[in-house]
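There are 4 protein chains.
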Amino acid sequence: MNVGLVGVTGYSGSVLYELLLRHPNVDSVNLYGHSQKVAQSLESVLPQLRRGANILPYDSADIMKNNQMVFFDVSAGVTTELAKPFLDANFPVIDLAGDYRLKSRDAYKKWYKKEAPDEKYLKQSHYGLVDFTSSKGATYVSNPGCYATATILALAPLVINHLIDTTSIVVDAKSGTSGAGKSLSESTHFSQTNENLQLYKVNHHQHIPEIVDQLKDWDEDVPYIQFTTTLLPLTRGIMASCYTKAKSGITEEDVKNAFVQTYSDHTFINATEGVFPTLKQVIGTNFCDIGYQLNPVTHQIVIVSVIDNLLKGAAGQAIQNFNQMFEFKPDAGLDLIPVLP
Amino acid sequence: MNVGLVGVTGYSGSVLYELLLRHPNVDSVNLYGHSQKVAQSLESVLPQLRRGANILPYDSADIMKNNQMVFFDVSAGVTTELAKPFLDANFPVIDLAGDYRLKSRDAYKKWYKKEAPDEKYLKQSHYGLVDFTSSKGATYVSNPGCYATATILALAPLVINHLIDTTSIVVDAKSGTSGAGKSLSESTHFSQTNENLQLYKVNHHQHIPEIVDQLKDWDEDVPYIQFTTTLLPLTRGIMASCYTKAKSGITEEDVKNAFVQTYSDHTFINATEGVFPTLKQVIGTNFCDIGYQLNPVTHQIVIVSVIDNLLKGAAGQAIQNFNQMFEFKPDAGLDLIPVLP
Amino acid sequence: MNVGLVGVTGYSGSVLYELLLRHPNVDSVNLYGHSQKVAQSLESVLPQLRRGANILPYDSADIMKNNQMVFFDVSAGVTTELAKPFLDANFPVIDLAGDYRLKSRDAYKKWYKKEAPDEKYLKQSHYGLVDFTSSKGATYVSNPGCYATATILALAPLVINHLIDTTSIVVDAKSGTSGAGKSLSESTHFSQTNENLQLYKVNHHQHIPEIVDQLKDWDEDVPYIQFTTTLLPLTRGIMASCYTKAKSGITEEDVKNAFVQTYSDHTFINATEGVFPTLKQVIGTNFCDIGYQLNPVTHQIVIVSVIDNLLKGAAGQAIQNFNQMFEFKPDAGLDLIPVLP
Amino acid sequence: MNVGLVGVTGYSGSVLYELLLRHPNVDSVNLYGHSQKVAQSLESVLPQLRRGANILPYDSADIMKNNQMVFFDVSAGVTTELAKPFLDANFPVIDLAGDYRLKSRDAYKKWYKKEAPDEKYLKQSHYGLVDFTSSKGATYVSNPGCYATATILALAPLVINHLIDTTSIVVDAKSGTSGAGKSLSESTHFSQTNENLQLYKVNHHQHIPEIVDQLKDWDEDVPYIQFTTTLLPLTRGIMASCYTKAKSGITEEDVKNAFVQTYSDHTFINATEGVFPTLKQVIGTNFCDIGYQLNPVTHQIVIVSVIDNLLKGAAGQAIQNFNQMFEFKPDAGLDLIPVLP
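Residue numbers (numbering that gives the first Met the number 0), protein chains in the order written: chain A, 0 to 340; chain B, 0 to 340; chain C, 0 to 340; chain D, 0 to 340.
Derived from the structure by calculation, the hints contain no laboratory data. Values in this document were obtained by computation on a predicted structure and should not be read as measured data. Hints are not guaranteed to be accurate.
Identical chains blur together in the list; that is why a pair holds if it fits in one copy or across any two.
[Said to hold, decoys possible] Straight-line C-alpha distance at most 25 Å; calculated DSS-like pairs for lysine-lysine:
#1 200 with 122
#2 83 with 113
#3 135 with 122
#4 108 with 122
#5 200 with 255
#6 200 with 108
#7 102 with 119
#8 255 with 113
#9 328 with 102
Chain A with its partners taken away, still in its complex shape (with noise of 0.2 Å):
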């Protein structure tokens, strides 16, 4: 199977490539930047990879012809249009940017500060949060936000269940700073960043929405969650610490057993009572470890999950989505070695 992707100079886009070489279903990989005119070696641009590849120009046209499906991984805005001749051939995406994770075009527009594809574009988009939906016949595939992946993980057996009191939702997010891309800035200058921590886009995060959208989709009373974003002195990584009160009467046992019952057979989650994850255990990858406890004193439950940013909140799920949406292995192309220590 030949496969195309779009955008490989950043940060996910080259984990993304490193994992679709490895994929034991995949033959080749064609690369393309998606405002790229010539061909362009990808030496030039990556030196670190070590590979012969050049980044060919983009032609929609072009990918479709040479490729049995395309991945996307390109800034927010760009695939609103870019993806429209894919869409209208129903030709296989995985899109991992932003553009068409909502439902709502007005939320788009209001949260992206950018114009919303186009409805009929919309409703032919499956949300791929691949521990829940699956992509298996879908064409359009919207991979899911780190942060959101993290979040929704971290909430949905309670959710789920209806153990918790939806409006009580409380999330501290925390994040290395390859979250935030090459692009520079002053948060993200080693001076400014190094022995630091700084907080953005509170209560604007563009992940709010699509969190919510989904909790939705279990509990239609879930009103707008708390969410705050901080940024880490680290490169890696994503912990979203929850806090939630449990309704009356619920008990240690009930959700113990939500967060067996949910992810007892899913690969790459691990939930565990009592006992919180580090950062660092899951970085390398595609795990999602997730740890939990009810307060008996304050009757808060605390759920703590944490991801590799770029595996599981982005190239990892993606690759997941590429093995539902082809009915490959669940696991294809994600046994990873952990970064240790």
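Once you have looked at the hints, place chains B, C and D on chain A.
The following block gives chains B, C and D in isolation, referenced to the frame of chain A:
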């Protein structure tokens, strides 16, 4: 004025020593080692301080004879015993350890897992949260804990003014490794700490009852709060991210008024609506910077406070207590240069 | 093929285990603990690996019976004794520790401050610097040290081709903390290591005689080199910055030719004139990247090599030795994804 | 005494401002922005300083009228032009930039790639390496570069006493990111700098000719030295690791005598035989700590010096120059608290 210092070798102890040496009302500082039998040169244990002083053997009578007051900066559990002669003699003490912070002996035993001080001594002790109480006239001042300081200062205006549902309080506190002191441990081994986040003492941190004791002084109905601590891959600083539901009808104006009224004349506290502090902006100083915002959608108030755990969270507040105790200028000895960048 | 691994719990041991599990010519890996009397689940000591294996008690006969070869990844001083039955039986061993690296027993005693292996065993041992020797036919392979690998690979083309004044060699080597292993120590306590540089073992590092032994094979006149080691505030990687005077008349062309001829067909070495590698570009891989430049003003040649100390500096080179020993593909099991970013 | 400061917004500029505010001989500090047309509040650009001051528009006549002297802490190339009226008026200036450091206009053009100051102005400028020259009587003081300070102080005793083969000098210098200033760049983007080492300006750093100019004052035969710079994943500090061959017959005693005689009465320099300083032990202070050792096997002398690049390497030495210029106490304004831990 001559002051004694028991425990210069710890991280906050050495900072306290440097502050005392520069304090305009201090003539000399005598150092003592609480388990020391013979004098030892400071140079031999802390060459970085470049000071010719000796650490003298411990003798309570000697300390009282040669000093007008004494600071204890030792591990929890030590002053329970050591402080007795000073308490009996009403000799001025500022104690940076936790032994005399809690109001109840039972609580101390439960949270510290150590034998508690006698009731009469506990009564003699004054909890020196300088922004809300005065140590003037006190002889035994128990200096607040680092997490407790950051958290109480963040929540005080809302609790005092009864603006929030106190059963909803959630604190996600983060600390650098200096808070864990000099003792070697797996969680502070560089290869383990670096590029990592580690939760510890979830629901069991000994600063929880200290925080609640103080909040109850303002509102008897405050229950045990939800409080977690996360170890950061950086050396200095604490950030306490606090979340709480505003009571029905409470407006942004009410919240702002509470912070302005509470802190407008506090030299070392800067509280700002809608602007969240970075951790680094207080490092090297005695400031506590606070950002707060009522989220109109969730009706949660986010309050984020930052302090240097060794200064406002330990040695700096101890100097403030010292200034109050002896009626020196409130900011004497605390005009510090921030660590920039 | 079944292989044994003694010492999975150390940093390089667990990396080696992960590499072996993915190696195309390895059927199963049996784990042994060198001081272990009863079996222990790997999960209990290394939960991050998420592997169901057991670590078996140590028994040399058992190891030889159930495996076709064995890796030792234990502390220095252990295989001097443990390896004897394997050496006597000519059973294939790859030893990642330092015990059998030096040619002289006296040198071992002097630099390692331990009893040396017997002369006859030393003679049986092959120094497995894979880029210059082949382990084909060897039974006991001593895998090179991390600093030694980085330094020898940097200097080899110049020493082999007699282009430099070997009395002028200066090596300023730097390493992350993973090289110091899991043992707790003051110098690897996070608050001490972070934002710091610390020299250690200046002129006394045990890799010095190992480097010199090898260089002397190419040029008998090489004297003891000037070599210092500095501990970096990062986890993985070694950079060896080497300086040496070019002999009179040596040109940039001569230097370049030496590197090109020496390394042009070496899969895991990239040497480039005038472009100095960053440390990060090899992390997660088995590559050794080298930059070199003749300074026409000082007539010094600067050579900078970087490796991942746990891969090319330990487990990765061990796999290369394994491949040579059993005539597998030279790069079998080493197609690794770089840690980016 | 009133002093002016042009360029408070840079990293060393803000440190210098804080030092001046605490200096016992300074009454007030007036701030100027060299490209500024209207006044601007300091708070708006540097809120962390918590100072109410204004940055005034630039006007050389105004500066000379309202101050007894002025500091320039601006980018290289700016004072070449700006300083002229001050030089013409013999008005006291301390210039922290590189424009007037080199003796030769040609060297300046070659290394800085900018138009050089006029010959007559260069002659008027005094190179303010405070440990070896005195700025008493000087009107225009050029404050040394950070790398130059660390390197010259390490080598001075050996060069002055003619103990070494000066053709063998190798300097492997390392710096934190604050030396690169506030400008955003790829190499100081957190995801790139973190867990990395990056060489830069190999053989081309503009501090090389500055070092050589000074060494030649002590020994005319000193040639261009071998000097490389490596960017560290930390914010503050420089370590210069220097290597040089001792002349034949030179003993450990000779080397020690040279350091003792040169530095025994220097307040801010601590040189110790056989004990190598850590970087952190000088951070936050004006100290230069030096360790040195003659290796009897290689006959190389290793000299390692560490400074805080913003203090002894910039603002701290500028204060020392200020003290010399106006005959204040040599250590006035420099009793700083080390950053510990």
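Could you work out which earlier hints the structure fails to respect and list their numbers in ascending sequence? 1, 8, 9
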